[in-house]
Amino acid sequence: MSVSIKKYLWLVFAVAGGIYPCIAGSSYAVHIGVVVLMFAVLSISFDMLARTGQVSVGHAALFGLGAYFAVIVFQKLDFNPVLTIFVGGVLTAVVAAGFGFITLRMRGIYFSIATICFAETLQVLALMARSITGGAIGISVPPLFGGNIVLSYYFILGLLLLAIFVVRIIEGSRLNFAFTAIRENESIANVLGINPTKYKVLSFVLSAFFAGCVGGFYAYYITYIIPYEVFGINISVACLVMPVFGGLYTVAGPLLGAVILKIAEEFLRTSIPYGHMIVYGVILVIAVLYMPSGIVGLVGKGRHENRFDVKLTTQGERKNDTA
Amino acid sequence: MKTVLMSNSLPREREKMILLEVREVSKRFGGLMAVNNVTFRVNDSEILGLIGPNGAGKTTLFNLISGVYRPDSGRIIFDSVDITHLRPFQRCKLGLGRTFQITQPFKDMTVLDNVATAVLFRGVDRVYNIEKARKEAFDFCNMVGLDSKVGEMAGSLSVIERKKLEVARAIATRPKLLLLDEVMAGLRPSEVDESVSLIRKIKEYMGFGVILVEHIMRAVMKISDRIIVLHHGEKIADGGVEEVANDPKVIDAYLGEQV
Amino acid sequence: MAGLYALVTLGLTMVLGIMGIVNFAHGDFVMLGAYVTYWAYTLWGVDPLLSLPLSAVTLFALGIAVYKFGVKPILDAEEIEQVLLTFGISIILQNVALILWKADFRSVTTSYSDMSIHIGYVSVGLARLLTFVIAILLTLFLALFNRTMIGKAMRAVSQNRKAAALVGIDVDKTYLIAFSIASALGGIAGGLSSLIMYVFPLEGAQLGLKAFAILILGGLGNIWGTLIASLVLGISESVVSTYLPEGSGWASGLSFAIILIVLVLKPTGIAGTRGE
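Protein chains in written order, with our numbering: chain A, 14 to 336; chain B, 30 to 288; chain C, 154 to 429.
Hints in this document: simulated from the structure, not taken from any laboratory. Hints may contain errors.
Within a straight-line C-alpha distance of at most 30 angstroms, the following computed DSS-like cross-link-like pairs (lysine-lysine) qualify [what the hints assert, rightly or not]:
#1 K19/A x K122/B
#2 K305/C x K136/B
#3 K251/B x K232/B
#4 K230/B x K178/B
#5 K161/B x K20/A
#6 K19/A x K164/B
#7 K122/B x K136/B
Quick look at which bits of chain B chain A covers, simulated, 3 or more residues with Cβ under 8 angstroms [what the hints assert, rightly or not]:
#8 64-75
#9 209-216
#10 220-234
#11 240-248
Predicted model only: the values in this text are computed from it and were never measured. We put the beta carbon where it would ideally sit given N, CA and C, even for glycine.
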């Protein structure tokens, strides 16, 4: 795909995103737009973290934290809701920094397991600490912008643009080299002068800030939060499948993944309950097996070989059929 | 320069800067004493060969020097700085570079970017600008003979090309001391000779000291100014090439392995 | 409960030890085993203990399928892909179960479900005791199995795949058998679980997480460590449940806390190999 076509597509995308509320037929359509944008930010947030090799299977933890922080700050300090969203994001980032430090030495799978535990532990905490969190009943808050869905749309769009902006900055700086090096081989990155701690925690903080903000936004958007929802595995799964499907370590990938999957989900949701989750699972499996670079990889240069072409012969050697 | 006598096989080297000093370093893994009370020095312009039968502890020693492992006891002093408790990236910033026995390029990056990464994060002559880094990286690739491959993905290189990339990446950090870990393993004899002259050339050009771990005796003898022999984690010889080659303890150690 | 946890973890340990892959979907295999037992009981009146072989066989078959299509291709892939794949399978299984059988809690009650045995001061549920015994038996069985040809092959492969291949061991088939047996073990665990706890689609996720806790606590690939860790977890859960106010709520979080704590202190697990 040539550079100019890409730029053109981005422009189309941007314009479409910008004028969407005006051309959308109903407020339901705008709502879908809001949800898509929410998950777009979450996907990018997941991807930010994944760039340093930290695969979070419990991203809902950050989402939920942002939601609760925003809401609790609102309740106790009576700030402006929009402000609380960002405060929530910052607080989430702080917690994430802490979590990032303690998980520094956990490699691969253990890190992922730890993130699941993170989300589940938070869920338990939210359920048990009733006085602060309202327990299983959760907390209600007034709607954002007085319920004006168009304003909400533009808010989340702004957040998305900010996220994209941050990622672009990362990609254009030596941070990108550091992240990729750490992801590929942390020991070697270390030996080459890259401080893994600094960069891993940094990516965690950035990722958490955005996920937290989305959480806070979500709280006001649907006006209430409960532990099962905001810390739920469904959210973690979505955060995971969308960027993987779309293509990790890119900007377009997570976006595409979010847009395609969320819209598809809306159509499916009406037909089969829980159906969309199976689809996510299937898509995840298919993506890992057949499209390791995601959609972006299919359209661009397919860098990784198709897994199925690699056979495990009885010699335990890998034989590549396509070569 | 007065030397503190740790063992009586320390060569008399005067007027040269001591670049690295490893003092009574030991490392144990479970029940195994991988490195046992090893002491030696490296001067700033010499090539030190580190040899020994398999399992002698050479790679462990490298890992200790580069910071991947922490010693159980002893100290490591690099360029007058006690680096015993420093993490690898800090040691890199101070001028310690190394290659790895099993080549590990960053597969998701081009060859050029692999080297550029090293340029971007070293401690000397800091470069923050990506364009500049890539330019310099190209020069390093040139030096090792990889200039035709700079645009390729690092994962697609052949064995000897990967080795060259390891070296390019390591020297791109502008080290004062370069640790080469079996760079020549798996190469054909002609390639080995090529590597020997390449290393010499680069070393002269960039002016750093080298510690070389190798199994290919021919290469080690040719290129080293001095040799250290490890056996079962202990240093059993330390001296000039001739001296060590004829040392009965060394011959014994190697012969013993053949049984 | 400890017995059940141990049983669940057994299969997981096996796969991890031999193939080096953490099977996120193992818990869901257990869940399926539970459902097989449940339906055998509900539809045909088959006693859960008798239908254990059925669960085992079903899961064995499933294991073959999952291995062939899912696991084999990613054996050499980066860890992240392995995580994603098994996680994906887990999601699929969970939600298929959700759709087919709804989220209701079901139970299997037999004539002996409520019986308990009194040992000294403690009364232990018969079903739980049985599970514990079976867990130990199977562990022993596995240990013995290690001595057989196939068992030896598995050990060889787990230590050095290429070397094993050079000696003529069919690596692929060995992995296949290992994975399927592990899945079958999961099925058995599931069948037994139906006697002890409710049967519901998400039990896989729950049990799976506890199995992870045990794995990490007891040391990876270490069969006896698994047993001990299971005991530790089972007992601490009971203690917390009983003695802490609103204990059951906190107890469920215990496994997570354990995982986090252990991982923080020892990022490679208690019996992990030397890191870096």
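Looking at the structure, which of the earlier hints fail to hold? 1, 2, 8, 9, 10 and 11
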